[in-house]
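Participant: Add chain B to chain A, keeping to what the hints say.
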Amino acid sequence: MTDYDSRRYALVNRWDPAHLRRIDKLLPLRTGDRVLEVGCGQGHLTTRLAERGVDVVGIDANPNAPEVSRSDRVLHMMAEDLSFDDSEFDAVVAVHAIEHIPPLDEAAAEMARVLKPGGKALFIYPAEPIQGLYAVPTSMILYGTPFKAREVHCQWLSPAKVRRIMGQHELTETHHEFNLLKSPQFISVFTKASPN
Amino acid sequence: MSLIDPQLAAILVCPVDKADLTEDEAASRLVCTQCGRRYPVRDGIPVMLVDEADGGPDE
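Read top to bottom, the protein sequences are chains A and B. The C-terminal position of the first sequence is numbered 207 in this note's numbering, with every residue numbered one higher than the one before it. The C-terminal position of the second sequence is numbered 417 in this note's numbering, with every residue numbered one higher than the one before it.
Chain A extracted, bound-state conformation:
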């Protein structure tokens, strides 16, 4: 299993404004909305959402993330063990995160649990022709070898597979797309079932 304790890895991910443009298009977030970002790293997106008045919390498996972040809304927490109450969030976003989570089914259950009924989840993840292809640079940073790329991207995902996983936790897909922002990637959007 990948060890995310690297301080260098917490710092290395760059901000890609295209992600926020797609999120704005697909998931309108309003001032005061309560949002959880899973796998926020140093908090590029969390910080920007907070600046807009979104009530956002970012979590990351890397213990260095809170320290290297400019935001005080970044916490060290595991997606499969969320320390939030049920139905706390209007939205959950995870940008290049779910492909790194070995217990993805448990994490999906937790993300669904903390979402309000009718809340939305948005996932951006790589469209890899070969599993781990786009994790080679990360594998070099964490391990000094390209051969652990499939441990970093431990999940090889497609919209159909993500739909299957999330569908087991009351999350219904409302949109998916393929795009070529900086690298080929998929975006899937889900809505949590409402009682009526």
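No lab work stands behind these hints: they were computed from the structure. By construction, the Cβ of each residue, glycine as well, lies at the ideal position given by its N, Cα and C atoms. Possibly wrong hints are sitting among the right ones.
[Claimed, not checked] In silico contact screen, one side only, chain B against chain A (beta carbon under 7 Å); selected entries:
{"id": "1", "residue": "Ile369"}
{"id": "2", "residue": "Pro373"}
{"id": "3", "residue": "Ile403"}
{"id": "4", "residue": "Val405"}
{"id": "5", "residue": "Met406"}
Facilitator: Showing chain B alone in chain A's frame:
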């Protein structure tokens, strides 16, 4: 003066049993009202990991 941002405090629960937490300001910890696990707050950042907590039923 509280240990952490009140908005954050309002939504945090114990990751094990999802019970509410109380603040132990003197010890800089968040304490679970159910299992008694104590989660450290370091530099204002709560560390909500079971492995980092003391106390609770195992001890």
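Participant: Go through the hint on Ile369 of chain B and say holds or violated, using the shortest Cβ distance to chain A against 7 Å.
Facilitator: holds, 5 Å
Participant: Taking 7 Å as the limit, does the beta-carbon of Met406 of chain B come near enough to a beta-carbon in chain A?
Facilitator: Cβ of Met406 of chain B sits 4 Å from chain A, so the hint holds.
Participant: Grab the minimum C-beta distance from Val405 of chain B to chain A and call the hint holds if it beats 7 Å, violated otherwise.
Facilitator: Result: holds, 6 Å to nearest chain A Cβ.
Participant: Have a go at the Ile403 of chain B hint: is there a Cβ in chain A nearer than 7 Å to its own Cβ?
Facilitator: holds, 4 Å
Participant: Regarding the hint that Pro373 of chain B lies at the interface with chain A, is the smallest CB-CB distance below 7 Å?
Facilitator: holds, 4 Å
Hint compliance for this structure: every hint is met.
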